[in-house]
Amino acid sequence: MQRSLFAALAGALFGAGLLVSGMMDTAKVQGWLDVFGAWDPTLAFVMGGAMVPMAVAWRIAARRQTSVLGTALPAMPAQRLDSGLIGGSVMFGAGWALVGLCPGPAMAATLLNGTSGLVFLLAMLAGMVATPALRRALTARGDTAWTSAR
Amino acid sequence: MEQDWIWGLIGGLMIGSAGALYLLMNGRIMGASGIIGGLVDGSERKAWPERVAFLAGLVLVPPLLVPLYDGFDAHLTDSLPLLIAAGLLVGIGTRLANGCTSGHGVCGIPRLSWRSIVATVFYILAGAIIMAVARHLLGWI
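In the order they appear, the protein sequences are chains A and B. By this note's numbering, the letter at position 99 of the first sequence is numbered 153, and the numbering carries on one by one without gaps. By this note's numbering, the letter at position 112 of the second sequence is numbered 266, and the numbering carries on one by one without gaps.
Note that these hints are calculated values from the structure, not bench results. Given the structure is predicted, the values throughout are model-derived calculations rather than measurements. Do not take every clue at face value.
One-sided excerpt, in silico: chain B residues whose CB lies under 10 Å from chain A [said to hold, decoys possible]:
1. I164
2. S171
3. A201
4. A210
5. D224
6. S233
7. L236
8. A239
9. T248
10. P264
11. S267
12. R269
13. R289
14. W294
Yeah, the Cβ is synthetic: ideal placement off N, Cα and C, and Gly gets one too.
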């Protein structure tokens with residue numbers, strides 16, 4: 055119950071922050087990526103602002119064994135640069151540029167973006183559902199391009 | 155317009171505080187694509203109540219705040235091919251990369267996770283290149 059309460063609070067604050075920051079406006083997000091047009095630096099201020107409390111939180115987390123509600127704090131993932139990380143990020147960046155939505159703002163605007171927003175969300179969810187099979191197919195092919203140790 | 159960066163900074167501090175809360179209270183990384191992705195692909199069913207609670211807060215709160223603004227407009231395209239292609243790319247891409255703007259950008263970079271730094275560089279570079287091509291060369295957007 056407590057876990058759900060704090061999760062809902064975090065989600066609410068995330069959504070409020072996305073709205074206040076202007077990042078639910080696809081024109082501002084596309085403006086950030088449009089370095090050859092009317093470039094809009096707002097996203098850099100959003101990212102920079104968001105990193106400050108997160109950096110503090112990671113420093114606090116480093117001195118603890120578990121979270122306040124008793125879960126083990128997430129371990130640092132293996133630092134391997136693989137084709138999924140690179141290829142996936144390139145695909146994500148391409149989709150992000152085409153309509154100016156990433157998963158957070160897309161979900162935050164579920165009730166605000168009308169039919170267009172729902173079409174994007176359904177396509178995004180379909181992509182997410184299809185990914186495990188796609189990942190297995192790529193692995194079966196022995197696709198380990200770009201793989202390197204840190 | 156001139157105050158956009160101030161609102162960006164304030165909103166950013168709120169987003170980062172949300173991530174800090176989720177990390178320190180629940181012990182989870184606030185990654186939007188991971189929270190929804192683990193639910194819909196069935197890979198992370200065990201922690202579903204807190205994921206659903208997070209998404210409920212995320213989906214329900216912005217519409218409650220929108221009346222404070224005079225006219226929210228997402229300037230979202232109504233082109234079906236663009237929406238479907240972009241949705242698929244974002245869905246598959248973020249899951250293959252294990253993160254998006256929130257998980258890799260907001261949470262991973264301040265942790266100095268090398269993977270998150272690389273992911274963020276690649277999705278911003280790819281986004282800028284696709285923007286240049288799709289908007290200035292092809293005139294699609």
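Status of the hints after comparison with the structure:
1. I164: 6 Å, holds
2. S171: 5 Å, holds
3. A201: A201 (chain B) check passes; min Cβ-Cβ to chain A is 8 Å, inside 10 Å.
4. A210: A210 (chain B) check passes; min Cβ-Cβ to chain A is 6 Å, inside 10 Å.
5. D224: Constraint on D224 (chain B) not satisfied, violated at 14 Å.
6. S233: 8 Å, holds
7. L236: For L236 (chain B), the interface hint holds, since the closest Cβ of chain A sits about 5 Å away, which is under 10 Å.
8. A239: 6 Å, holds
9. T248: 5 Å, holds
10. P264: It holds, given that the least Cβ distance between P264 (chain B) and chain A is near 4 Å, below 10 Å.
11. S267: OK, holds: S267 (chain B) within 10 Å of chain A, min 7 Å.
12. R269: Given a least distance of 6 Å, the restraint on R269 (chain B) holds.
13. R289: 6 Å, holds
14. W294: 8 Å, holds
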